[in-house]
Amino acid sequence: SSLCLQPLHSACALVLAASGKWTHHTLQMVDAGSRKYVENPDDCEVVQQRRSRHCRMCGTTRTSPAIRRMIIFVIVYSNTELHDDGPSWTAIDALYFSTATMSTVGYGDLSPGSDTTKCFTILMIFFGIIVIFPRMAWVVCFFSDPITSRGRALLEWLFPQYEVDIDGSGEADYKIPRHPIVYYSKNMLPSVSLSIWLQLASAAVFTTVEDWSFFDAFYHCTVTATTVGYGDVTISTQEGRLWASLHMVLSVCIVGELISTIGELRDQRVAQIEKIKQLNRRLDPGLLHQLLGCAKRLRPEVEQDGLGLTELEFALTMIIELGIVKMEEVRPFIKQFRKIDVSNNGRVGIEDMQFMNKLSLEDLAKPRLANAQTRSIKIAYRVDDMVVIEPAAVFVVRPTPLDGSGIGFR
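When we follow this note's numbering, the leftmost residue of the sequence shown carries the number 184, and every step to the right adds one.
Simulated from the structure, these hints should not be mistaken for lab results. Watch out, some of these pointers could steer you wrong.
What follows is a set of in silico ranges between Cβ atoms, one per label pair, in the way DEER data are often shown [said to hold, decoys possible]: (1) Val531 - Gln461: 25 to 31 Å; (2) Val531 - Ile502: 18 to 24 Å; (3) Ser443 - Ile507: 19 to 25 Å.
Even glycine gets a Cβ: it sits at the ideal position worked out from N, Cα and C.
Go ahead and model the full structure; you've got the sequences and the hints to work with.
Okay, structure coming up:
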């Protein structure tokens with residue numbers, strides 16, 4: 184019996200430990216399997232590791248404050264509000280009302296009756312929508328994202344994108360998205376399927392606890408998931424309101440994830456198409472002038488020598504022009520490089536690291552400031568000279584599909 188109860192004791196102890204209820208008995212139960220008994224919780228490394236793992240798995244660090252505040256809402260409404268026919272709200276009624284409010288469903292079948300609770304509800308509306316419900320949504324997405332991600336991966340395997348190899352190395356350098364119908368269908372199908380199955384399962388539960396037909400229950404679930412909340416189909420039983428509290432959180436969060444996925448897919452497709460256009464664009468005076476101008480704006484203090492762009496400069500300016508990163512996000516790293524480059528040779532290596540470790544912060548700040556004022560870098564470009572050059576021959580590398588079809592080099 185001791186061997187059978189040890190896993191149960193450990194599970195209970197992890198729940199108590201994650202919620203902050205540290206006791207000597209709790210620690211004894213956690214370490215019952217290893218026969219370790221400790222008095223100080225901070226000295227128990229095993230307990231700390233299990234607590235951290237439990238928090239990461241269940242999102243306890245995010246949900247514990249939300250659960251505590253939900254308990255406060257339930258206590259307030261269950262002790263202050265009354266039904267129209269006399270009896271006070273139950274804890275399930277208070278939970279049902281609080282969830283309907285924070286999820287913005289708002290059926291309207293329950294509402295605060297006194298001025299005091301109305302003022303409390305005003306505060307609860309903003310606090311619940313801004314603070315509590317996003318934490319609940321994080322937990323729902325924590326469990327739903329792996330399902331939808333695996334579904335998209337499976338559909339991507341069944342309907343792959345076209346892969347393009349630029350240099351003929353055998354590795355795909357970028358992918359061309361399929362037709363919009365195929366692209367959006369295969370990426371939206373997992374989220375849509377999960378939402379539909381949830382509504383069908385919830386409708387089946389409502390037909391069991393309420394005197395509804397399956398069609399009315401499915402209609403109610405769809406209205407709830409979209410946060411419309413007409414309130415024309417009334418939930419009358421305590422079991423139905425308890426399930427509705429859970430259904431509102433799950434449905435609203437999953438439909439919200441579905442809507443946000445549409446915007447993400449649209450932005451991702453636009454970025455992919457723009458990237459493909461730039462990769463297939465020939466190097467003409469317009470593109471060269473654009474990239475050289477971007478490099479000059481990125482490092483305006485650099486002297487120009489008319490030698491053109493290096494490999495890394497070309498890649499960085501293309502990334503900036505595509506909007507993958509902003510120039511304001513790159514400049515701090517350039518300044519950081521120049522501070523680290525103590526030897527002032529345009530490179531960061533072991534010598535710079537060893538030299539910086541020997542100096543104090545005060546001594547290191549002075550030469551950095553001096554270098555920033557006096558150093559002159561001579562590796563830049565003369566934009567006007569570069570764009571007027573007319574090459575005698577042009578070498579163009581054209582994208583080659585992995586299947587070997589198409590033109591290779593010209």
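We went through each hint and held it up to the structure:
no.	hint	in the structure
1	Val531 - Gln461: 25 to 31 Å	30 Å, holds
2	Val531 - Ile502: 18 to 24 Å	21 Å, holds
3	Ser443 - Ile507: 19 to 25 Å	21 Å, holds
Violated hints are absent here; each numbered hint is respected by the structure.
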